[in-house]
Amino acid sequence: MPLDPSFIGRSYPPSQPYDVSREKIREFADAIGATSPAYRDAEAAKALGHRDVIAPPTFAIVVSMKTNETVMFDPELKLDYSRVVHGDQSFTHHRPITAGDQLVSVAHIDAVTSRMGNDMITVRTEISTVDGELVTTAKSMLVVRGEDA
Amino acid sequence: MTDTLTHRSPEAGTRLPDRTFTITRHDLVRYAGASGDFNPIHWNDRSAQRIGLSGVVAHGVLTMGLAVRALEDWAGPHAVVVDYRAAFAQPITVPDDDTGVTVVVSGTVTDVQWPDRVRVRMTAHLGTTKVLTRSYAVLAMRAG
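Protein chains in written order, with the working numbering: chain G, 262 to 410; chain H, 9 to 152.
No lab work stands behind these hints, which were simulated from the structure alone.
A portion of the hints provided could be inaccurate.
Said to hold, decoys possible - From the structure, some residues in chain G lie toward chain H, with a derived Cβ separation under 10 Å:
(1) Thr296
(2) Thr319
(3) Met326
(4) Val346
(5) Phe352
(6) Thr353
(7) Val391
(8) Glu408
Stated by the list, open to error - The list that follows gives simulated cross-link-like pairs (lysine to aspartate or glutamate, EDC-like), each with its CA atoms no further than 20 Å apart:
(9) Lys400(G) - Asp35(H)
(10) Lys285(G) - Asp105(H)
(11) Lys285(G) - Asp45(H)
(12) Lys400(G) - Asp91(H)
(13) Lys327(G) - Asp45(H)
No experiment lies behind these values; they were computed from the predicted model shown.
Quick reminder that beta carbons are idealized off the backbone N, C-alpha and C, glycines included.
Please put together the full structure from these sequences, using the hints given.
The following block contains the structure:
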């Protein structure tokens, strides 16, 4: 059954704050082989003008995906997560995510479409500090593969 | 610092050095843990095949994370990525062996808004198959 387009425009309640740690950033940087000292060494990051270690640009997925699970597993949406593949992704950084940030995210459903038996859903996640400073906008388009697609 | 991007004055049309990245099952498991993306299509052949994939596939954002290294290593630590996007044109099937697959990443500068913004179009190929499309990144230069 196709996803219900009336979900377009729906927003979800803000997530619990996510505490960004140096160690999680390092773990993520290791997993993608990112070597910049700004991801690993607080002194090096400060010398580059950052408050602390910064995160690689794709790190925001750690924060946004946690939030987007609220959408994926919204029982009213009836989305079959076992058939989901990632279609496209964007990250707009107002500033780098930085160790010590406490981030709150809000998920919005921007689009729901169907094509050739597949459903596509675009979730925009606005990531801000607990003090309300907008840090990153992450947009994920997910494809729910149809049974016969 | 003499070898920062600022000093190299890139122009539209400048090509980044091509980079190759290998992805193995080990990388997928590690990335799953680091990212929190435990979708079984990234570690379980049966789950992947159930939805019509030939086997376990790489996380799209892992591919993005590898591709952007080509950009970061070229630009140096004074640049930060302020915008980055990609469409996952084809899934990257990662075989259950020790060799994995090799992805080739290229980038071309498409726009320079001097002094501090550089836009780069990115592509990634697996053999002749384009795996990242509609991909670009915008770098902002920091003082230094």
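- request: Classify the hint on Val346(G) as holds or violated, based on whether any CB of chain H lies nearer than 10 Å to its CB.
  value: 7 Å, holds
message: With the threshold set at 20 Å, check whether the alpha-carbon distance from Lys327(G) to Asp45(H) stays at or below it.
response: 9 Å, holds
Evaluation of the interface hint that places Val391(G) against chain H, nearest CB under 10 Å: 20 Å, violated
message: Given Glu408(G) as an interface hint, is its Cβ closer than 10 Å to any Cβ of chain H?
response: 9 Å, holds
- request: Verify the interface restraint on Thr296(G): the C-beta must sit less than 10 Å from at least one C-beta of chain H.
  value: 8 Å, holds
- request: With a cut-off of 10 Å on the beta carbons, see whether Thr353(G) makes it to chain H.
  value: 5 Å, holds
message: Check the hint pairing Lys400(G) with Asp35(H) against an upper bound of 20 Å on the C-alpha distance.
response: 24 Å, violated
field: Interface restraint verdict for Met326(G) against chain H (beta-carbon cut-off 10 Å)
entry: Holds: closest Cβ of chain H sits about 6 Å from Met326(G), inside 10 Å.
message: Please verify whether Lys285(G) and Asp45(H) have alpha carbons no more than 20 Å apart.
response: 14 Å, holds
task: Take the C-alpha atoms of Lys400(G) and Asp91(H), compute the straight-line distance between them, and say whether it is at most 20 Å.
output: Between Lys400(G) and Asp91(H) the Cα gap is close to 11 Å, so the pair holds against 20 Å.
- prompt: Minimum Cβ distance from Thr319(G) to chain H below 10 Å?
  reply: Interface hint status for Thr319(G): holds (4 Å vs cutoff 10 Å).
task: Measure nothing beyond the straight line between the CA atoms of Lys285(G) and Asp105(H); if it is 20 Å or shorter, mark the hint as holding.
output: Given that 20 Å is the threshold and the Cα spacing comes to 28 Å, the pair is violated.
Hints 7, 9, 10 from the list above are not met by this structure, while the remaining hints are.
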